[in-house]
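K.L.:
Residues per chain are reported as follows:
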Amino acid sequence: MPAYQLTVNGRARTVDADADTPLLWVLRDTLGLTGTKFGCGQGVCGACTIHLDGQAVRSCQTSLKEAAGHAIVTVEGLSKDGSHSVQKAWITEDVAQCGYCQPGMIMTAAALLKHKAHLSDHDIDEAFADHICRCGTYPRIRKAVKRAAGGVK
Amino acid sequence: MTSRRDFLKVTGAAGAGLVLGLHLDAKPRPGESAKAAFHPNAFLAIRPDGTAQITVPKVEMGQGVRTALPLVLAEELDLDWSRIEVVTAQPGPDFKAMNTGGSTSVSTTWDTLRRAGATAREMLKGAAAAQWKVPVGQCRTEKGFVLGPDGKKLGYGALAEAAAKLPVPKDAPLKKPADYRLLGKRTPRFDGPAIVTGKAVFGLDVRRPGQRFAAVLRCPVPGGQPRTWDDTKAKAVRGVTAVLKVPTGLAVIADSTWAAFKGRDALTAATTWDEGTAKEFSSAALEAKARAALTGPADDARREGDPAKALAAAAKVLEAEYSFPYQAHVTVEPMNATAQVGADGAELWVGSQSANRALDRAATAVGLKAEQLKVNVPLIGGGFGRRLGTDFSTEAAQVAKAAGGGPVQVVWDREDDIRHDLHHPATLHRLRAGIDGAGALSAWTHRIAGPAVLRSWTGGQKAPSQAATEANGAYDIPYAIPAIAVDFAEVEAPTPLGWWRGIQIVPNVFARECFLDEVAHALGKDPLRFRLDLLGDRGIVKFGRDTADIRRLKKVLEVAAEKAGWGRKLPAGHGLGLACHAYDGRTYAAEVAEVSVVKGRLKLHKVTCAVDCGLAVNPAGLEAQVEGGIAFGLSALFSQITWEKGRTVQTGYHDFPVLRLADMPLIETHIVSSAETPSGMGEPPVPVAIPAVLNAVFAATGKRIRKVPIEDGLI
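Chains as they are written, first to last, in numbering that gives the first Met the number 0: chain Y, 0 to 152; chain S, 0 to 714.
Do not rely on the hints blindly, as some may be mistaken.
[Stated by the list, open to error] Across the chosen pairs, the derived CB separations fall in these ranges:
| no. | chain 1 | residue 1 | chain 2 | residue 2 | range |
| --- | --- | --- | --- | --- | --- |
| 1 | S | 170 | Y | 122 | 54 to 62 angstroms |
| 2 | Y | 68 | S | 600 | 53 to 61 angstroms |
| 3 | S | 206 | Y | 121 | 37 to 45 angstroms |
| 4 | S | 604 | Y | 114 | 49 to 57 angstroms |
| 5 | Y | 70 | S | 206 | 21 to 29 angstroms |
| 6 | S | 237 | Y | 9 | 51 to 59 angstroms |
| 7 | Y | 10 | S | 141 | 24 to 32 angstroms |
| 8 | S | 175 | Y | 31 | 31 to 39 angstroms |
| 9 | Y | 128 | S | 279 | 37 to 45 angstroms |
Because the hints were derived from the structure by calculation, they are not lab data. C-beta atoms are modelled at their ideal positions from N, C-alpha and C, and glycine is treated no differently.
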């Protein structure tokens, strides 16, 4: 059983687990990073979204083997103190209700803003097409993403 | 009522600052004398360093109770909001009423929290006055300080110890609403910073030393049991340590969630089932029984005038059948609980909406006394009524007991969560309206046929309030109609049921407000004018167990219609629809939906909502509940659970769709300000959304939709 080398939130980690173990469970159960959430395990709800080399990916659909050697960032590593522009926008717009799906939403928003300077509503629709918030925080997610993009005064 | 003397006590030890125990549930329990032993069920502690800790006796599931309840107390006490720590209570003798549902948390704690805050404020002022040797009347409070004459100023922390030694004053004066500096202002969620940094701890995030993980293989037919199984392959999965028979199925214990899931999957093919009594259950069979019950015997929820006579005498009778399906909760955090069970004590970590029940039932299930079990309630990743159930907490205690030793977290996957949900059952509705010779609505009958949810709460018993509960939203039809009959015909269903956000009011108000719209159109009347006329010039009206203020309902209807531009010219293919309801006679909501149907495709453009829930404790939280409640209602337009051979056909978000961001209409919320005692907002926006949209679909297309979910090609 080979051990895998991961870089999580800038820190080198060695994980000894099966190659097909979803990164989600490595993060949550092995490394104790519970900010990344389990919602469906099928890549449908987006609660487990993290960054892999700067791209938003579903950690429940990414195996340990696929993740090895790549830069992984979870919500815990987005900023040291909640000062990322997306986190700040989320607080200003008071987005969260139960809050469970929000780390995944925030990771998608952060990746979106990194890759696109000017956002249309359609861009936001597309980016969040595979995210579910059962509390219905969508109107505030839209506002917060625009605020973080500098579009809301 | 217990005496005032019993409602508040200094409970803290010396050196702890000022610790007050508050008794929130002021009514003595059956068999308890008014002078029964004091059991505080909320705590306020002002520490020597000036921070205030508030223990909240209700659970947080996104409705904002960890913000709203502390706000009420902090207002009267003039606390510095930035120096507050909020703690969720633990069920037990001190906290006997943690049940969180029915949109009641603010209304049931409002008086006591205010009185508690005011009392503590007077004690702190008293302590300062004694120290300064000035009359207490010369002292006032501001943001965590007592201010006295000549610029004297002392922080609450410095006064707490002395205040704790003073007698508890009776009838401390309450603030006037004009003096509020926190209530009525927009306060962001207390837990926001923890949520956006991933630090917030939900049930599934509980991590205890030595913790193991478990998945349970349950029969796909609720109530079924494993007959034979071979655990060889499951035990061969790396990380799996045991396969155990537990009351709900077969528990696979492992050192990670993933190993538990893999072991459970390996066990699936090697297990045979005794599928139990529900194995033939199907949606088609239930619907046939319900349709038969539409014309059979039923229990009255409301009967006024002589509906049969009025219908017989009517110049015209309209009749329609409405249908609403089984629904699932699909909280994004699936069911889970963590338990540690020893021979003489146990501990449970569970996101429960009914923590007291969870405690009692888990203790009984593992053979312990209630006082031997400690229950911790972390944040809840969506409740919506699902977590009023205790099935998942009891199961975790049973699994932990079977596994022995340290803590075990039982994790449900998405399929477990949807198959073994406590579903909200389907109902059929038959409505009739009589129109007299003068063109007035003279009779209204509404028969509801379906399983009784209330039995899930009463241990299977038929409660005296069953018909009213199952017909809630139908029997309290607020319109002045001379003859009304609303009744409920129970149809048995063999699978577990439960409450759902908006409860039976959702299907009932859907049928009621859509059918009323049909009547308005049949009479050639404007649906808004028709409703306003039927509401009439009445004040407080009593319907069975509830009363409602018709003036408040009219007001929200008028505001929503005006703000939405009711009657304006619309683009081609667009329509406006409206609906309103007085939720349990306490919260008033009206919504106007604008939709379009182009080439058969429905688009939800905007919902304009006006609400009156009395004083708005936190408008930011209130608007969030309106937005979320409307999203929850609209989502139900497209989702359903169906049954075949005792199994749910649906297994996940792929076939039980939830509204997505791109589908979400604009929501405009108008809070009708009112000085009344605050009531809840978690549920009231939900039921109104569905008929508002379907009435708008009719306005846009002329097509009347009487069946939820909206099927492809129906529009």
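K.L.:
List in ascending order the numbers of the hints, as given earlier, that are violated by the structure.
P.N.:
Of the numbered hints given earlier, those the structure breaks are 2, 4, 6, 7 and 8, listed in rising order.
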